[in-house]
Amino acid sequence: EDQVTQSPEALRLQEGESSSLNCSYTVSGLRGLFWYRQDPGKGPEFLFTLYSAGEEKEKERLKATLTKKESFLHITAPKPEDSATYLCAVRPETSGSRLTFGEGTQLTVNP
Amino acid sequence: NAGVTQTPKFRVLKTGQSMTLLCAQDMNHEYMYWYRQDPGMGLRLIHYSVGEGTTAKGEVPDGYNVSRLKKQNFLLGLESAAPSQTSVYFCASSFGGGIEQYFGPGTRLTVT
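Residue numbers (this note's numbering), protein chains in the order written: chain A, 1 to 111; chain B, 1001 to 1112.
For reference, chain A alone in the conformation it holds in the complex (with noise of 0.2 Å):
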């Protein structure tokens, strides 16, 4: 069965204070490994794909990278705007085109 674990639960920060979210997954063969964030009380914003071991995406404060087994997503000096919930993503490639979801890192950053 596929899983996506995503660790911790919850991460408190202080500004500038860098850190990586954990997404670690077992599936029958990965199609792709998608982060997204979620603001509370809002729909969940696309932010990387990645395809294969040993990608890396960066985007401003984050970049998010790919192994056999895990992904990370490093947040490097955030800042309070960066509190969100990060949800990763994976694609099995006995799946067609459904997605399977992690239950999300909570990140706070406080100023």
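I should point out that these hints are in silico values taken from the structure, not numbers from a laboratory.
Each hint should be verified, as a subset may be incorrect.
Said to hold, decoys possible - In silico lysine-lysine, DSS-like type, Cα no more than 25 Å apart, as pairs: (1) A:K42 x B:K1009; (2) A:K69 x A:K79; (3) A:K63 x A:K79; (4) A:K42 x B:K1071; (5) A:K57 x A:K79; (6) B:K1057 x B:K1009.
Stated by the list, open to error - Over the 10 Å line for every Cβ pair with chain A, so calculated as not near, a few chain B residues: (7) R1044; (8) K1071; (9) G1077; (10) S1094.
Virtual Cβ for every residue (Gly too), placed ideally from N, Cα, C.
Starting from the known structure of chain A, arrange chain B on it as the hints suggest.
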């Protein structure tokens, strides 16, 4: 572009009542999806569509029906609402299968 829009934003139903949620997208996307999001469960796929006139079951389809009569619209129906269907419902769309999906703002549904 409005992107993905959902109607209504909030709704309260009594057990046994029916309702339809409307999703519209103006990005000419082929694929559309309906998810529900519950605390501790993450996003779960209810039904999806790979093109106008098509629908398919997702992970949790029981108690829901869908229709895709027009490419830009995807409707989610609850024929007889149950308290277990209290949730936040999100619609999403994508240009193709297995690529990034774009989400609407959600509908918060409470069934009493």
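Evaluated hints:
no., hint, result
1, A:K42 x B:K1009, "11 Å, holds"
2, A:K69 x A:K79, "29 Å, violated"
3, A:K63 x A:K79, "15 Å, holds"
4, A:K42 x B:K1071, "24 Å, holds"
5, A:K57 x A:K79, "19 Å, holds"
6, B:K1057 x B:K1009, "24 Å, holds"
7, R1044, "8 Å, violated"
8, K1071, "16 Å, holds"
9, G1077, "20 Å, holds"
10, S1094, "7 Å, violated"
This entry does not satisfy hints 2, 7 and 10, going by the numbered hints stated previously.
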